[in-house]
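Enquirer: Dock chain D against the given chain Y, drawing on the hints supplied.
As given, the protein sequences belong to chains Y and D, one line each in that order.
If you count by this note's numbering, then the first sequence holds residues 1 to 343, one letter each, in order.
If you count by this note's numbering, then the second sequence holds residues 1001 to 1256, one letter each, in order.
Any given hint could turn out to be false.
Only some residues are given here: those of chain Y computed to face chain D with a beta carbon under 8 Å [claimed, not checked]:
id	residue
1	Ile221
2	Asn225
3	Ala226
4	Leu228
5	Asn232
6	Gln235
7	Ser236
8	Met237
9	His240
10	Thr284
11	Ser324
12	Ala328
13	Pro329
The hints are simulated quantities; they were obtained by calculation from the structure and are not laboratory data.
Fair warning: this is a prediction, and the values are worked out from it, not measured in the lab.
We put the CB at the ideal spot given by N, CA and C, even for glycine.
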Amino acid sequence: MKAKIPYKFLFTILLLVLVTALLLNISFGSVNIPIQYIFESIFYSTVENDSWHYILWNYRLPKALTAIVAGGGLALSGLLMQTLFRNPLAGPFVLGISSGASLGVAILIMGSSLFSGFFTYGIVNSFSLALAASFGSFLVLLVVLSVAFKIKDTMALLIIGLMFGSITAAFVSVLSYFTSSEELQRYIFWTFGSLGDVSWSQLSVLVVIVFIGIILCIASIKSLNAFLLGENYAQSMGVHIKKSRYLIIIATALIAGSITAFAGPIAFVGLAIPHITRQFFNTTNHYVLVPAVFLCGALLMLICDLIAQLPNSANVLPINVITSFIGAPIVIWLLIRKQKMIF
Amino acid sequence: MSYAPLDIQNLAIGYGNKIVAKNINFKTNCGALVGIVGTNGIGKSTLLKTLANLQEAKEGNILVNGISIKKYNPIKLAQKISIVLTESVAFKNLTVYELIGLGRQPYTNWIGTLTEVDKAKVSEIIQLLQLEELKDKNCYMLSDGQLQRAMIARALAQDTTIILLDEPTTHLDLHHKVQILKLLKRITEETNKTILYTSHEIEMSLQLCNQLLLLKETNSSFGKPQELINQGVFNTLFPNDMVTFNPDSKTFKITK
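One chain only, chain Y, in its complex shape (with noise of 0.2 Å):
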């Protein structure tokens, strides 16, 4: 609020710094790109090289886009719930909405061979998908929340989110038993975190859902910042606590879940990323923390994809492999940096 100026010099670095990931993102793979030609093909459009226009059209752009929405919506849903449980370890993971996604896919990949004659093959398509994972993280979030009621201490709910991840995992593990092998198969890929699966219909459809997410959120900045008193104090000064405690959470809802369906449940970025924003724009003001949050997430998940399709070989990692990788160490880094965890 004091400084605006520093602000927008560190918004335009940071959109700078993303800019540039992304034309690295597609320029470096199996196949180097150069820059120069990317340029070309998306202003001019000239078709001189199909080999390079099919990858660029088909397959890295679309990944390269999928990987900003997944690192921004992710890092903004992480935001949202840490504020919500004023909680600095909540996360889409951690109180289990990731896992309630996980569910709803395993039961819409593998529950046919349970449920035969309720499931039917050939409903799973990137809607359906998506749809069960909205859903089966909008169950357990409301689930959480109920008991979130009923109890105020914030670790014991961080448990309970925990103990239902537990359920959740047990419940996938039973339906894991009873199916068939090409279709555990399609759930554990699932389970890997993909962004390169992800068609220009599919990323439509994603870019939708995750939009709309988007404006609820915005829409919530206002009692988010409330919320940063506490509830109590909020409710005092006019927030309307349950109706924008549900809009916070079907946001979340809506943007992890969307994300979790057709990317995979990918670790760590809506953890880590609200803090390391935290630190770099040193301020608790959504206002600020909402768009620096997204671009810095997507600026990280296009970097750790940079590295999963390792540059000049055929193999791509998982990126959950190197979300975890990055994202874990700078979550311990911060915790031994600030021995008492302030934000």
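Expert: For chain D alone, kept in the frame of chain Y given last:
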């Protein structure tokens, strides 16, 4: 004819199925500093939260400027009553300026932008409470007394006719206790706001308050400090083999 800022009629307070205090009746004056005193666990905080509509009244009416508290929508009520609770700020990384700015929420637009009017109000309050040196500091850097002043500033920024404070002096030493209470007194005199606070400091409240509520399970007493002393309500507040009240010096003495 103007209404009392707060008019409490036959109020009963409690939580769950339990009623902790009932038959509470009082009317505050404009610009009055009102102390709420009583023994531990009698429901002082519950009363305050009930007055702020954070908790439901078990019985009776709370009239704010002559209108029942239930008829206010959340925003309108937030423009009438602000509160400073014992619970600390959840996110202590907020700067003092941001904290005070949040007090403008009932007046800001959908996204919470501070207009020039809001900023002027915040600056005015920073000056009034002499917080200039602290305004860019984060809340975790402040001492208990400084944080309490910042929280009072936030409540002031909400620009309400009534300010409620729960135990504003609890963790402070004598000097800072007096500093906070005198600050509250000064605010009531300079801004004509009505301030109600709960406290264990009966002696200090007797010296500073315009009106005093002695909260009891039934039949709480309300009035000017001297009136309450004359009624002898403090003589029986604590068991006489422990402490006795001296009406002349307005102090409690340990029974030897």
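Enquirer: A separate judgement is required for each hint: does it hold in the structure or not?
Expert: Verification of the supplied hints:
1. Ile221: 5 Å, holds
2. Asn225: 6 Å, holds
3. Ala226: Hint on Y/Ala226: holds, closest Cβ of chain D at ~6 Å, below 8 Å.
4. Leu228: Where the cut-off is 8 Å and the nearest Cβ of chain D is about 4 Å from Y/Leu228, the hint holds.
5. Asn232: This interface hint holds because 6 Å falls under the 8 Å limit.
6. Gln235: 6 Å, holds
7. Ser236: 5 Å, holds
8. Met237: Holds - the Cβ of Y/Met237 comes within 8 Å of chain D, reaching about 4 Å at its closest.
9. His240: 6 Å, holds
10. Thr284: OK, holds: Y/Thr284 within 8 Å of chain D, min 5 Å.
11. Ser324: 27 Å, violated
12. Ala328: 23 Å, violated
13. Pro329: With a closest approach of 23 Å, the Y/Pro329 hint is violated.
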